[in-house]
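Using the sequences and the hints, build the whole thing.
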Amino acid sequence: MATANSNSRKRKVFFQKLVVNILLLVCFAFLLFPVFWVTTMAFKSHDDILTWPPKFVFKPTLENFQNITTAIRTYRVGAVSSDFLKGFGNSLVVTTSALLLSLLTGIPAAYALGRFRFKGKNDIAFTFLTFRFAPELLVIIPIYLIFQKIGLYDTYIGLVWVYQLITMPMVIWILMSYFEDVSVELEQASLVDGFSLFHTFRRIILPLAKPGIAAASLLAFIYAWNNFIFALILGSSKVQPVTVSALKFITAEKLRYGDIAAACVLAAIPILILALYAQRYMVRGLSLGAVKK
Amino acid sequence: MTVVAVRNVIKSYDGAPALNGLDFETRDAEFFVLLGPSGAGKTTTLKVIAGLEDPDAGEVIFDGRVINTLPPNERPVGMTFESYALYPHFSVFENLANPLRAPGRKLPAAEIRNRVDKIAKMLRIDHLYNRRPGELSGGQKQRVSLGRTMIREPAVYLMDEPLSHVDAKIRFDLRIQFHRLEALRNCTSIYVTHDYVEALSLGDRIAIINTGQIVQVGTPKQIYYQPKNIFVARMVGQPHINLLDAALTINGNEASLRIPQAGFSIPISAELRQRLEQVNVPQDLTVGIRPMDITINSETEKATARVRTDVFEPFGSLGLLSVKAQDIYLELLLDPDLSFKPDSPVGIDFRADRLIFFDPATHNNLLWDED
Chain H
1 MATANSNSRK RKVFFQKLVV NILLLVCFAF LLFPVFWVTT MAFKSHDDIL TWPPKFVFKP
61 TLENFQNITT AIRTYRVGAV SSDFLKGFGN SLVVTTSALL LSLLTGIPAA YALGRFRFKG
121 KNDIAFTFLT FRFAPELLVI IPIYLIFQKI GLYDTYIGLV WVYQLITMPM VIWILMSYFE
181 DVSVELEQAS LVDGFSLFHT FRRIILPLAK PGIAAASLLA FIYAWNNFIF ALILGSSKVQ
241 PVTVSALKFI TAEKLRYGDI AAACVLAAIP ILILALYAQR YMVRGLSLGA VKK
Chain G
1 MTVVAVRNVI KSYDGAPALN GLDFETRDAE FFVLLGPSGA GKTTTLKVIA GLEDPDAGEV
61 IFDGRVINTL PPNERPVGMT FESYALYPHF SVFENLANPL RAPGRKLPAA EIRNRVDKIA
121 KMLRIDHLYN RRPGELSGGQ KQRVSLGRTM IREPAVYLMD EPLSHVDAKI RFDLRIQFHR
181 LEALRNCTSI YVTHDYVEAL SLGDRIAIIN TGQIVQVGTP KQIYYQPKNI FVARMVGQPH
241 INLLDAALTI NGNEASLRIP QAGFSIPISA ELRQRLEQVN VPQDLTVGIR PMDITINSET
301 EKATARVRTD VFEPFGSLGL LSVKAQDIYL ELLLDPDLSF KPDSPVGIDF RADRLIFFDP
361 ATHNNLLWDE D
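If you read the protein sequences in the order shown, they are chains H and G. Heads up, the first sequence stops at 293 in the numbering used here, and the numbers go up one at a time, no gaps. Heads up, the second sequence stops at 371 in the numbering used here, and the numbers go up one at a time, no gaps.
Derived by calculation from the structure, the hints in this document are not laboratory data. Glycine is no exception: its CB is placed at the ideal position from the N, C-alpha and C atoms. The reader is advised that the hints may include incorrect statements.
Keeping only pairs whose Cα atoms sit at most 20 Å apart, straight-line, the calculated EDC-like set for lysine to aspartate or glutamate is [to be verified]: (1) H:K119 x G:E53; (2) G:K221 x G:E30; (3) H:K210 x G:E94; (4) G:K221 x G:D195; (5) H:K248 x H:E63; (6) G:K341 x G:E331; (7) G:K221 x G:D204; (8) G:K221 x G:D293; (9) G:K341 x G:D310; (10) G:K121 x G:E161; (11) G:K118 x G:E153; (12) H:K119 x G:D56; (13) G:K341 x G:E299; (14) H:K121 x G:D14; (15) H:K119 x G:D54; (16) H:K119 x G:D14; (17) G:K106 x G:D117; (18) G:K302 x G:D337.
Pair ranges (Cβ atoms, derived) [what the hints assert, rightly or not]: (19) H:E180 x G:S164: 20 to 30 Å; (20) G:S317 x H:K119: 49 to 59 Å; (21) H:K12 x G:S339: 22 to 32 Å; (22) G:Y129 x H:N122: 56 to 66 Å; (23) G:S83 x H:N122: 25 to 35 Å; (24) H:S177 x G:L70: 25 to 35 Å; (25) H:N122 x G:K324: 55 to 65 Å; (26) H:E180 x G:V311: 46 to 56 Å; (27) H:S236 x G:G104: 52 to 62 Å; (28) H:V139 x G:P103: 39 to 49 Å; (29) G:G104 x H:L104: 24 to 34 Å; (30) G:A168 x H:L18: 48 to 58 Å; (31) G:T211 x H:K17: 50 to 60 Å.
Which stretches of chain H does chain G cover? Using the computed rule of at least three CB atoms under 8 Å from a CB of chain G, they are [what the hints assert, rightly or not]: (32) 49-63; (33) 203-213.
In structure tokens form, the structure reads like this:
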């Protein structure tokens, strides 16, 4: 009896696991297939991309990468500057600056919101959050007009500034909970030890919030890097980031699918590197922030 | 060598009062214990003295100087926290050395090393230097926390429930160690606890605190034998003091306390009667008697009261007997080697000189005076 029971239970558990794993595989395939397909496209020749039925086995080529990394190419119809590398550089400059600015101002703000009680605290915190969930299209036209007037259109400063709408709420909201979780008594112990509040912040609080800073930076960087609409409307050739410069591959001659795919692959690399580097902080960080000890 | 005075301090958090006119003064180099139930305002008191919380009103005075506006890092205090508050990202050594690295100290590395070594050896934590606080036991954490406080050589020690989170055996060891630490003996220390054993053991004087006010200040003996009111009497002593509703009965020259619920009377001496009459005691009283001041009379017939045994718990070093006297239970502390059958008759006597008389309405000790 007992053996039969345990056997049937084992079988039940086995089938449950099987179903769960199959479902997970389906989700996984569904989510990752586009990434896989774009990556293969980047290595296909134009003809291979357009064939039907789609080819899974093909002769890889680096032609697309050469196309987009050569600064100026002459096509049959006129000369088109792809500017991909410049866009890549712009992305790096704008996103990194925006993130640094957000950290510089957002860390003290998050600390104040997380630690001190003051009038209107919740309103202020919520206002920062609204920046994140208000659609960009809602504000883009007024911002465009203002930027035109005050001369910020198509400047790095202008883009970095408007990117604060993306990065700042992220930094503030993630770090707020981290600062809340750092015990007040640690801070008080350091004050009694003879340190000023500023020293305490630097020596005790910041190091303890490091995982949170890593997590917030990574997320903010990704969102800022992926931004399209602000950069499209508020910047022109001078400051265009990689997301916008990929548009150039839609030429009068043809849709340059291979170039677009190659651009996507290259553009994803900085984020991948950053994610791999920050991953250990991320996983630990996000769970630490969520669960109070 | 500092006298700490707290004058009429009021502090509330979001409208909830924590301190209601708290007022006391330590003596120089005194071990001063603040004893009170949780929520009485003990921790808040320490934080106000350390400058970590600003009082809404009142003054904190060190040696006659009001220091309300002095920031915590400029006050000559060291504080241990109930949560230990060790820096989790620092090693034990760095935790200990931290106060010596404060700006304006600028001590050479060798000097820091020496001072840390000295304290760590004294507290027997010098083998733990490279550990992180997360890898320490509760007792070790407590000693590191104490070491970090001592290394600064503050003029005033503030200690917040240092022994409440360590297990019983370590608590005992550490309590003995507190007695031996010269630094604590030679400086003014304010020690917060909810455990009356720690208070009686360590305190030169004890202040009983409740709802943000000092109820009574006195030596351990005064607190134990002359509690100002029922609250203080119940705060110290385990098992709790026996409290009985009594009526003072005078019959010619004989005076006695009739305990209606228990069905017996306790005779009192002429002298005690006189003292009670001097303060105009009401006829109805609440009488307190500590479990150790009730004794068994082997000649049951001659005993003050005849009661029935209920439960006897022999604890090794002491025995706790609960007896039933008509409608109420009394607790007695006895020799653990005795043995009792449940529900058997037994005679008990009371040490009349140890009786404490309370006003049932105000709960105040009727015979209490300042000294």
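ask   = Is the hinted range of 20 to 30 Å satisfied by the C-beta distance from E180 of chain H to S164 of chain G?
value = Given about 25 Å between the Cβ atoms, the range holds.
message = Does the beta carbon distance between S317 of chain G and K119 of chain H stay inside 49 to 59 Å, or does it fall outside?
response = 57 Å, holds
request  = Compare the distance between the alpha carbons of K302 of chain G and D337 of chain G with 20 Å, and conclude whether the hinted pair is satisfied.
outcome  = Violated: K302 of chain G and D337 of chain G sit about 23 Å apart, past 20 Å.
ask   = Do S83 of chain G and N122 of chain H keep their Cβ atoms within the hinted range of 25 to 35 Å?
value = 27 Å, holds
ask   = Is the Cα-Cα distance between K121 of chain G and E161 of chain G 20 Å or less?
value = 23 Å, violated
request  = Starting from K119 of chain H, check that the Cα of E53 of chain G is at most 20 Å away, please.
outcome  = 19 Å, holds
query = In this structure, is the beta-carbon distance linking T211 of chain G and K17 of chain H contained in 50 to 60 Å?
reply = Given a distance of about 59 Å, which is inside 50 to 60 Å, the answer is holds.
request  = Please work out if K210 of chain H and E94 of chain G have their alpha carbons no farther apart than 20 Å.
outcome  = 19 Å, holds
inquiry  = Just to make sure I understand the rule, a stretch counts as covered if three or more of its residues have a C-beta closer than 8 Å to a C-beta of the chain. Does the region 203-213 of chain H meet that for chain G?
reply    = holds (count 3)
key: Consistency of beta-carbon spacing, K324 of chain G to N122 of chain H, with hint 55 to 65 Å   = 58 Å, holds
Agreement of K221 of chain G and D195 of chain G with the hint, judged by alpha carbon distance not exceeding 20 Å = 16 Å, holds
key: Cβ distance range 52 to 62 Å for S236 of chain H and G104 of chain G, holds or violated   = 54 Å, holds
Hint check: violations occur at hints 10, 18, 21, 22 and 32; the rest are consistent with the structure.
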